[in-house]
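A.B. asks: Sequence:
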Amino acid sequence: SFIEKHDRTEEAIVFAEAGEHEYAREIIKRAEEERKKILVVGGEEGFSERLVHYAISMAERMQHDIVALNVIPVGRRLFTFLNEKVKEELRKGAEEAVEAFRLSAKQRNINFEHMVKFGDFDRAIREAHKENKRISFVLTEPEHGSEKPSGAKKTSIPVFCLAQES
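Per the numbering used here, the very first residue in the sequence shown carries number 53; after that it's consecutive.
Worth double-checking, as some hints may not be accurate.
With a cut-off of at most 20 Å between alpha-carbon atoms, the simulated EDC-like pairs for lysine to aspartate or glutamate come out as follows [claimed, not checked]:
{"#": "1", "residue 1": "Lys185", "residue 2": "Glu165"}
{"#": "2", "residue 1": "Lys185", "residue 2": "Glu112"}
{"#": "3", "residue 1": "Lys139", "residue 2": "Glu151"}
{"#": "4", "residue 1": "Lys81", "residue 2": "Glu69"}
{"#": "5", "residue 1": "Lys137", "residue 2": "Glu147"}
{"#": "6", "residue 1": "Lys182", "residue 2": "Asp59"}
{"#": "7", "residue 1": "Lys88", "residue 2": "Glu165"}
{"#": "8", "residue 1": "Lys185", "residue 2": "Glu86"}
{"#": "9", "residue 1": "Lys137", "residue 2": "Glu96"}
{"#": "10", "residue 1": "Lys158", "residue 2": "Glu148"}
{"#": "11", "residue 1": "Lys81", "residue 2": "Glu63"}
{"#": "12", "residue 1": "Lys185", "residue 2": "Asp174"}
{"#": "13", "residue 1": "Lys81", "residue 2": "Asp117"}
{"#": "14", "residue 1": "Lys185", "residue 2": "Glu101"}
Derived from the structure by calculation, the hints contain no laboratory data. Fair warning: this is a prediction, and the values are worked out from it, not measured in the lab.
Using the sequences plus the hints, can you model the full thing?
C.D. replies: What follows is the structure, given as structure tokens:
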């Protein structure tokens with residue numbers, strides 16, 4: 053964000069004024085080298101082959117990293133009653149389901165992170181966007197249970213860009 057960029061620049065200026073010119077250059081260079089990311093969102097069941105293939109191809113083509121996010125939808129009331137053991141089991145299942153995706157990214161030298169969030173899809177995406185710097189695109193599974201228009205051969209994979217919150 054603009055504030056983070058300002059803070060990094062300010063930090064570099066402080067070190068440059070203190071005579072640490074090389075370190076100041078390193079601070080600026082490090083910020084410029086951080087790669088952009090694609091947030092790939094799946095549900096509790098994991099990620100479809102089509103979504104994985106599309107995400108890997110896009111990341112490879114655009115030289116982006118991948119952040120895979122499993123969103124496990126639970127109602128607000130239910131979530132408060134889920135004990136840590138149940139949450140951990142759901143998290144473990146999501147970790148196992150993402151392993152093929154992780155391996156596919158590794159084979160193509162694409163940096164890969166995985167997150168699991170409980171609750172509403174939109175809120176989980178916003179949180180993941182705040183927690184991970186430089187997310188350029190969000191890829192999701194086609195809407196679950198949505199009807200294809202008559203005559204439609206296949207469903208496309210939705211791709212979004214998130215607007216910055218002010």
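A.B. asks: Now tell me, hint by hint, if it's right for this structure.
C.D. replies: Status of each hint after checking the structure:
1. Lys185 <-> Glu165: holds, 12 Å
2. Lys185 <-> Glu112: holds, 19 Å
3. Lys139 <-> Glu151: holds, 19 Å
4. Lys81 <-> Glu69: holds, 17 Å
5. Lys137 <-> Glu147: Holds, at about 15 Å.
6. Lys182 <-> Asp59: holds, 17 Å
7. Lys88 <-> Glu165: Measuring from Cα to Cα gives roughly 13 Å; hence the hint holds.
8. Lys185 <-> Glu86: Holds, at roughly 9 Å.
9. Lys137 <-> Glu96: holds, 16 Å
10. Lys158 <-> Glu148: Holds. Lys158 to Glu148 sits at ~16 Å (cutoff 20 Å).
11. Lys81 <-> Glu63: Satisfied, since the Cα-Cα distance of roughly 13 Å is no more than 20 Å.
12. Lys185 <-> Asp174: Roughly 18 Å separates the two Cα atoms, so the pair holds.
13. Lys81 <-> Asp117: The hint holds at about 18 Å.
14. Lys185 <-> Glu101: Not OK: Lys185 and Glu101 at ~26 Å, beyond 20 Å, violated.
Consistency with the previously given hints fails for number 14 only.
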